[in-house]
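Participant: The primary structure of each chain is shown beneath.
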Amino acid sequence: MTLTIILIYLALVLIIGLASHRLFRGTGEDYFVATRSIGPFVLLMSLFGTHMTAFALLGASGEAYHIGIGVFGLMASSSAVVVPAVFFFIGTRAWALGKKYGYITQIQYFRDRWGSDGLGLLLFIVLTGFMVPYLLIGVLGGGLTMNQITHGQVPAWAGGLLVSIVILCYVTFGGLRGTAWANTFQTLVFMVLGAATFFTVVDSVGGLSNGLAKVAEAHPELMIRGESVNRLMFASYMLIPLSVGMFPHIFMHWLSAKRAETFRHTVVFYPICLAIVWIPSVLLGLLGTSDFPGLTGGAANSILVRMIGLHAPDVLAGLLAAGVFAAIMSSLDSQVLSIGTMFTHDILAHYGFKDQMSERRQVWFGRLFVVLILLLTYLWSLMSNPSIFGLAIWSFTGFAGLIPVVVAALFWRRSTKVGAASAIIAVIVSWAFFFAQGWQVPGYSVGQTGLMPVAVILGLSSLAMVLGSLFSKAPEPIALAKFFEPSAQNVRQSVPLQSTPQTG
Amino acid sequence: MRRTGLLYLTLVAFVLLHNDFWLWQDGRMILSVPVGFLYHVFYCVVASALFYLFVRFAWPKHLQDDSGGAQEP
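Going down the list, the sequences are from chains U and Z. Mapping to our numbering: the first sequence position 120 is 122, numbers consecutive. Mapping to our numbering: the second sequence position 60 is 84, numbers consecutive.
Just chain U, same shape as in the assembly (with noise of 0.2 Å):
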């Protein structure tokens, strides 16, 4: 019974982004970026349900039920500030200037506004290598839950391969629309049956009350942040939501909006969506420690899905595993449909394939790409089962310290091409170095000092960003005149002033 109202739920999120492929006009832009029509409620749906992976489910849940409480002011309230500011300050930015220049990528715009090519493909390969592992939690997400709901009888491979395949189906046809669409229904999806699970297992256990006095007694460390969250990690923690403004999918969901006006919802309301979320995974992964004692490492990750199977009847556990689905899936189409834009238009389009293709080849060619890398992150899928959170926190760590590029862009005038590649290369290096360090420690932190290395690697690129800048020639005015106002000192530099008007 859970498996067929898992594959009925597939079969609905299919059929609504196929669905969406008979609005499609044919064009580029329409696919890539739902020729920015998307409205209020849509675009924070899409965005939010884009932005919460098999992490903040299955990730938050696995990692409360190892290190208690404190895993909600690590990521979710932490991001409940830095995520609309983003969008705030941010994403309003991108979307006028990808609306007044027609911008589909991230790289698009670096590339117009520094004028250099090499930094395009040098961000392009950044972008791509940090998002294949921020994939691969979709990917094993998908197959990990397949497999405890259906007490083993379905493979994790099956379970991957089954979330792959209807994901490539829909956004192959649907594109943006596709996705954003898909994505409002199952984020609502996610929503209400994360409430659902919630209140299903809270009942179950005997009240909130009585399941958490039992969590305390038996592990008080998990009340409390203690001993197991250090307090300087917990303040470098919130640098690590900033890889929000780095997302080339949440970039590209940001230029879908019809007008500027379209963020404010987003702007208000995320922080209460997430919430909604992270309350009942971190509260579960606790709960969790009663049933399922003795769990280690990415054993975990699947602790709310063993609550569910435990605690709720046969319909309502398919429910609720579909709910799991939702969230997986969600961000898995937007991230795989990301890749394939940038493919198509900073690696295609951009290197002389423009004249020689239509319009429409140009989006086969994009959908070629996203096969391309759904198989590979499937089958590395395979052969690897790290940690959930682990390994969202690396790829993070990454596009967080890629924020001095797009802060940069918009909003420092003196800022160069030289500076952003300084900044690039600096994140490529810091992040390998502690990576190859850390991807093995579980909770690792410079020098064990509690100190995230997104703090070092942010510092680093900053730093690199500024002096790069500072060190090499300055823009040239009408370089800048494209996006920026002229300034107050270039007003009176070209304007005469006017003499003061004679009275009398």
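Hints listed in this document are in silico derivations from the structure and should not be mistaken for laboratory results. Take these hints with a grain of salt, some might be off.
Restricting the straight-line Cα-Cα distance to at most 16 Å, the calculated cross-link-like pairs of lysine to aspartate or glutamate (EDC-like) are [what the hints assert, rightly or not]: (1) Z:85 / U:487; (2) Z:85 / U:263; (3) U:216 / U:205.
Pairwise CB distance ranges, derived in the manner of DEER restraints [said to hold, decoys possible]: (4) U:484 / Z:51: 55 to 61 Å; (5) Z:56 / U:451: 32 to 38 Å; (6) U:294 / Z:33: 44 to 50 Å; (7) Z:46 / U:3: 46 to 52 Å; (8) Z:37 / U:10: 46 to 52 Å; (9) Z:32 / U:234: 22 to 28 Å; (10) Z:31 / U:295: 45 to 51 Å.
For glycine and all other residues, C-beta sits at the position ideal for the given N, C-alpha and C.
With chain U's structure known, arrange chain Z on it following the hints.
Facilitator: Leaving out everything else, chain Z in the frame of chain U:
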């Protein structure tokens, strides 16, 4: 302008308040959940209210005016 500056200062203070070190070892249960957890749930609610003020009083209105027809990148 003064109101916008005040909002920016509030945002900085709010970011600092995320570090609730005074509740680090506090295991009291309030409203059925640990107080350290409840603090961060309320933090999300207050964040929403703060961003309502940003949207209301510090919205970058000039962006809408700039968004004319698309040009080739």
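Participant: Out of the numbered hints, which ones does the structure contradict?
Facilitator: Failing hints: none at all.
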